[in-house]
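I would like the entire structure built from these sequences, with the hints used as guidance.
If you want the building blocks of each chain, they are given just below.
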Amino acid sequence: MSSSERLHLQGITKAYPGCIANDAVELRVNSGEIHALLGENGAGKSTLMKIIYGVIAPDAGQLLWHGQPQVISGPSHARQLGIGMVFQHFSLFETLTVAENIALGLPADQAKDMAALEARIREVSEHYGMALDPKRLVYTLSVGEQQRVEIVRCLLQDIELLILDEPTSVLTPQEVQQLFRTLKTLASEGCSILFISHKLDEVVELCNAATVLRHGQVTGHCNPQHTTSGELARMMVGDDTPLSENYSKAQGTRVALDAKDLCYQPEDPFGVRLEQLALQVKAGEILGIAGVAGNGQDELMGLLSGEERQDSGSIQLNGTAIEHLSPDQRRQLGFAFVPEERLGRGAVPDMSLVDNALLSASHTGLKRKGWIRYPAVRQFARHIIDRYNVKCADEDAQAKSLSGGNLQKFIIGREIEQQPKFLVCSHPTWGVDIGAAILIRHSLIHLRDQGAAILVISEDIDELYQISDRIGAICDGRLSPIAPTQSVSIEQLGQWMAGQFSDPQPQQPEVSHA
Amino acid sequence: MDIDLITNILYATIRTGTPLILIALGEMVCEKSGVLNLGQEGMLLVGAVIGFIAATVTGNLFIAVWFAIFAGMLMALLFGFLAISLASNQVATGLALTIFGTGLSAFLGSNYVGIGLDGMQPLAIPLLSDLPVIGKVLFQHDPLVYVALTLFALVFWLFKYSRLGLKIRAVGENPEAANAIGINVQLLRYAAVLFGGAMTGLAGAYLSLAYTPMWSEGMSAGRGWIALALVVFASWKAERILLGAYLFGFASILHLVLQGTRFEVPPNIMAMLPYVATIVVLVWLSSDAVKTRLSAPKSIGRPYRPMS
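Top to bottom, those sequences are chains A and B. Throughout the first sequence, residue numbering follows this note's numbering, covering 188 to 701 in sequence. Throughout the second sequence, residue numbering follows this note's numbering, covering 309 to 616 in sequence.
For the record, the hints were derived by calculation from the structure and aren't laboratory data. Note that the structure is predicted; figures quoted are calculated from it, not measured. Heads up, a few of these hints could be off.
Here are the in silico distance ranges between beta carbons for each label pair [stated by the list, open to error]: (1) B:A461 x A:A247: 51 to 61 Å; (2) B:R471 x A:E376: 28 to 38 Å; (3) A:G531 x B:N492: 54 to 64 Å; (4) B:L394 x A:Y326: 49 to 59 Å; (5) B:K606 x A:D537: 23 to 33 Å; (6) A:D296 x B:L439: 41 to 51 Å; (7) A:E376 x B:F389: 22 to 32 Å; (8) B:K468 x A:G531: 30 to 40 Å; (9) A:D455 x B:P434: 49 to 59 Å; (10) B:A461 x A:K322: 43 to 53 Å.
For each residue, glycine too, the CB sits at the ideal point set by N, CA and C.
Pasting the structure below:
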């Protein structure tokens, strides 16, 4: 055993009813190492992290910390040992200040003197290049800044192992670079880092060791510096799944959806104000809107679906003004929506797939004189399940019993099968495995080729580059210029996502088409 | 109106406001931790009847007050077990507690209706009580009035300066996150609920031992509900609870005084005055939606189940 070995997991196993999240997992992390834990959604990465951090207890196996077997009884025990963790969903309190949030995570004796603590926060955050104002209320911070609060909270406690659960998923490309600089500084000072991700290029750029998980089992240990992304991907997804797809780009024909001068002041004080937003989506194209979560995507989606009413501005579909119509009326005109929240917005968790199919498609001939035609609805649900390869018990299964990816396939299928003229998708493949994501993208492209106008709002930049014909970004309620995808570099898009564009009311030059 | 009348009105205002302050402060701590306890009225009645029985049996008011506090805490413990440990619906559980407490207090107190008791005597603070007007209004009360003001200062300090207050707010805003950083959510919620029970039990003792030293069925007259509303209208701020409670007390006394004059307003309308006045003032104070949302506990009413 090498003297620099810090963490060693042996045969860690954790089973949940119906699935084995971790199956005899082996993992070694040395001091000063940036170790990647790679795997698809559902591969068991998060479960393993929670076991290391003491949130859940393993069924079998042991954990060696500095060569000594340890049973970690809970997060506070983990922190005593020197293990810190930044969750994907932050454990922050929005209505408290940065300093108060950090104070809560520290032992009482270190948090007594708030002035001294604030000084330490400034010192540590500046040392690692993550400027933070300790007095600000957390809800006023951007997501990237909130992540800094989490990291600084860990750093104030002399940690030896920092676990980061998909830290880059909420950051702009520039913020990612800043985070990587911070992590490299930390590692050079001897701190070990366990970096959970499914983004291969980031792992190759940052990490000097990697463990790959698939279906709860370790499928490989390697050094990403000496391994290609392709080899890593193969370990992640197995042999039978295609890795990526290339789609042709389309030009679109006439303008289908035309939104002008949308202004909206949400009632929710934590919401984002939309200012003079203008947006055109052509029939036969996919328009992609990138952006970090919480920059007005939800509000834009709400205005387009009709759940929220704009303060001023107009929305037209094929020349018909629809801004005053309810969501239901909009659907009858050929709108369809795939919201971000699958359970609760996209589908009713406790209802069967049959009933969920009826919910948004009732105007497509599933009713007659106000009565529901159940045989037709059932057939429709079955059709979606077959066509979109939805894995479920049968069409009477409750929506909540499906995995995220399968439910998403069902929802996308339900919307696409209505042959909409205009489809808005929010985060269509978020938390979905590669196979399902490819099917969903295929379906969207297919719908586009049939002449529908599609708007995709997503945080996944790679995906937007793959499927969008034109691309833009939203930041702080303002829309960047929108340009054909091939002509926008990733640096350019990153700047747009960070709000670096001058014209708040973009009108891209008309693309003349042959 | 002469100066004596004004002095008397203000004196009675303080007395009337005191039970509301106690209940509302206790409920505020409870709600800050994310637990909504609608059982205040029931706990109040049980506190009042137990305090009264203890006073009649032992003849010692000091012991009786402790009995009332303990009774309130027992009721709160029952609520806590259901709503915290068993994660039952807080609204339904709280309503059940009120119904249970109302019935239980009537049953326990049935032999004590109409019995007289020498209530708590005013305790004049030396020197201060000799001040003109102020002395009479503020410093010639029974001990529980001073206790209530001390508890107000304590709760105010708790949320303004203490780490414990910060932890309670954290638990009430995001119990999952609080658990993740090592705060014992359930323990803290139990503590908050028990504190609320103790405060309401004390308010019950104030009613049956000091305010009107006697027991009659349903003598709380809806004060538990008023205090609940007060917490919300006061935007979960201790100083506004104090203000609202005294405002309510003042308006209640005012309408009694005005009834004695030739003021030609139907008494039913007059009886609404305290409610209307309190609500109007506190709604006006809390009209800033952002600030109100910042002080409202985000996870209120949401049971927390620790992960296994």
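For each hint, the structure was consulted:
1. Judged by the Cβ atoms, the range 51 to 61 Å given for A461 of chain B and A247 of chain A holds: they are separated by roughly 54 Å.
2. Between R471 of chain B and E376 of chain A the CB atoms are about 30 Å apart, so this pair conforms to the stated range of 28 to 38 Å.
3. About 30 Å separates the C-beta atoms of G531 of chain A and N492 of chain B, a value inconsistent with the hinted range of 54 to 64 Å.
4. Our hint of 49 to 59 Å for L394 of chain B and Y326 of chain A is violated, since their Cβ atoms are close to 32 Å apart.
5. Separated by about 24 Å at the C-beta atoms, K606 of chain B and D537 of chain A satisfy the suggested range of 23 to 33 Å.
6. The beta-carbon spacing between D296 of chain A and L439 of chain B, approximately 45 Å, falls within the hinted interval of 41 to 51 Å.
7. E376 of chain A and F389 of chain B have their C-beta atoms about 49 Å apart, which leaves the hinted 22 to 32 Å range violated.
8. The beta-carbon spacing between K468 of chain B and G531 of chain A, approximately 37 Å, falls within the hinted interval of 30 to 40 Å.
9. Our hint of 49 to 59 Å for D455 of chain A and P434 of chain B holds, since their Cβ atoms are close to 54 Å apart.
10. Between A461 of chain B and K322 of chain A the CB atoms are about 26 Å apart, so this pair departs from the stated range of 43 to 53 Å.
Hint compliance for this structure: hints 3, 4, 7, 10 are broken, all remaining hints hold.
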